[in-house]
Amino acid sequence: MGAYFSEIFRGLQSLAIGMGITFREFFKPVVTVSYPMETIKMSERYRGHTELVENEDGTPKCVACGMCQRACPSKSISLASKSVEYEVEVKGEIKTKKKKVLTKYNLNFTTCSLCGQCVESCNFGAIDFSKDYNLASSRKEDFHFDLLERLKERNS
Amino acid sequence: MSLTVLNAIIAVVIAIGFAALNAAYLVWAERRGAGRIQRRPGPNVNGPFGLLQPLADGCKLMTKQLVIPGGADKALFMVAPVLAMAPAIMSFVTIPFSNVVVAKSMDVGVLMIFAFASLGGMSILFAGWGSRNKYGVMASVRAVSQAISYEVPMLITVITIVMMTGSMNLHDLAVAQSGGFWHWNVIPSLSSPLMPVSFLIFFICSLAETNRAPFDLGEAESELVAGFHTEYGSMGFGLFFMGEYANIVIGASLITILFLGGWGCPFGLFPSVFWFLLKIYILIATFIWIRWTFPRTTIYGLLNLSWKILIPISLFNLLLTAGLLKVF
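Sequence lines, in order, name chains A and B.
Numbering-wise (the working numbering), the first sequence opens with residue 1 and increments by one.
Numbering-wise (the working numbering), the second sequence opens with residue 1 and increments by one.
Source of the hints: derived by calculation from the structure; they are not laboratory data.
No residue lacks a Cβ here, since even glycine has one placed at the ideal position from N, Cα and C.
Heads up, a few of these hints could be off.
[Said to hold, decoys possible] Derived contacts from chain B toward chain A, CB cut-off under 10 Å, selection only:
#	residue
1	K74
2	M164
3	G166
4	S167
5	L200
6	W307
7	I313
[Unchecked claim] For lysine to any residue, the following SDA-like pairs were computed, each having C-alpha atoms within a straight-line distance of at most 25 Å:
#	chain 1	residue 1	chain 2	residue 2
8	A	K28	B	R36
9	A	K28	B	K308
10	A	K97	B	P41
11	A	K41	B	V45
12	A	K28	B	F18
13	A	K41	B	G35
14	A	K28	B	P295
15	A	K104	B	P41
16	B	K308	A	F9
17	A	K28	B	W289
18	B	K308	A	L12
19	B	K60	B	V100
20	A	K28	B	K60
Chain A extracted, bound-state conformation (with noise of 0.2 Å):
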């Protein structure tokens, strides 16, 4: 008799501890980010799809010497360059030199497994995570992205 009287008293000891609980949180703030009114920012770490640093005059930092293309085991990278003759003084006296430029930096998205070897393998540091998780399409074009294209936009 004595334990049946305790275990009632003790299951309803324990539900209005529980009751206590819920009371609590209900006053405290929500934690909710409202997604589509706000977003909330990244981490540093965080690895979205890749994108071009840029130099402090604009320019894409990169080389168009093709080692992320090479390292990605996607093959989602494609890059193409042209050759530049552009003088530069050297002793006194002025030179013409050769030098790649990046005409084409695309990104076919729906491939990239976002593993980082093209930010691993870039010697001059000019890929970058970007940190974009807004990417949502019904459409296979808008996950091809091209980088060059991006980059304008951003300086623009």
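Fit chain B to the given chain A structure using the hints.
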């Protein structure tokens, strides 16, 4: 048209309006409350504070097609949702909201409400049986066994109250408690020292009677898909939903009238309909609070609670009160 018929029609229209409005906005309140308890905002997009959400839900439910599954018992399938809603609305007719606001004061008001409340179990049985769905049948069997086992302690508690007051008229029951909270039935008196326990029993039973969590065994999603309304879509489901909330309002009103002094002010001042509404909404908030605190019980735990704890204690209370009423 004679005045009495007109009177009755107006009463029923007001009852339906009150029940529907409450059902719609209690869903909103429930979802907002659940959100706050889980530290999310709940529906807040449609209108200010999401207040147009019930309207949107209603439009959505009403524009859906009512699918009757093949092999279902058509008559039972169609009648069940109506049967879920109708008793709830009928019960509103005899509930006194204040000294004057009552559609029809009946001498057997308590009896009538419990008679209609039993019909609620019938609608669940019809729904489960009529839809020819194994989950539906299982759920309705559970819900009916639950309804039966919780009506027993509930009615024993009501008998205790009726014995103390000497009336089955809800109006008289409330009037007997007028004048300050120390007259309320929930406060123990010499002739009824176990009244808080009775109140607790009645409260638990009304949770179980309205099929609310943690006693919503009839709607145990993890085992029974959606329970007895698995096959219902559109407004058929909507009526079940509204019936549940209308029943909650009835349950809260009954608790208020039987235990918390009806429309009386706690300090004996200005008894009015305002106090009645305040009390029932506090009780409903508690219902919502409980629902989002406790997990669902098992069917064994549920029936054990009724037959091994609630019924013996309420019977003991009945006998004790009967004896003490004789002494004092």
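Each hint tested on the structure:
1. K74: With Cβ-Cβ at 41 Å, over 10 Å, it is violated.
2. M164: violated, 24 Å
3. G166: Violated, because the Cβ-Cβ distance from G166/B to chain A comes to roughly 31 Å (cut-off 10 Å).
4. S167: violated, 32 Å
5. L200: holds, 8 Å
6. W307: Check failed: Cβ of W307/B comes no nearer than 13 Å to chain A, outside 10 Å.
7. I313: holds, 8 Å
8. K28/A to R36/B: holds, 8 Å
9. K28/A to K308/B: violated, 38 Å
10. K97/A to P41/B: Violated, at roughly 63 Å.
11. K41/A to V45/B: holds, 23 Å
12. K28/A to F18/B: violated, 33 Å
13. K41/A to G35/B: Holds, at roughly 24 Å.
14. K28/A to P295/B: Distance of about 21 Å is within 25 Å: holds.
15. K104/A to P41/B: violated, 46 Å
16. K308/B to F9/A: Cα-Cα ~14 Å, so holds.
17. K28/A to W289/B: holds, 15 Å
18. K308/B to L12/A: Holds: K308/B and L12/A sit about 15 Å apart, inside 25 Å.
19. K60/B to V100/B: Roughly 38 Å separates the two Cα atoms, so the pair is violated.
20. K28/A to K60/B: violated, 33 Å
Violated hints for the displayed structure, listed by number in ascending order: 1, 2, 3, 4, 6, 9, 10, 12, 15, 19, 20.
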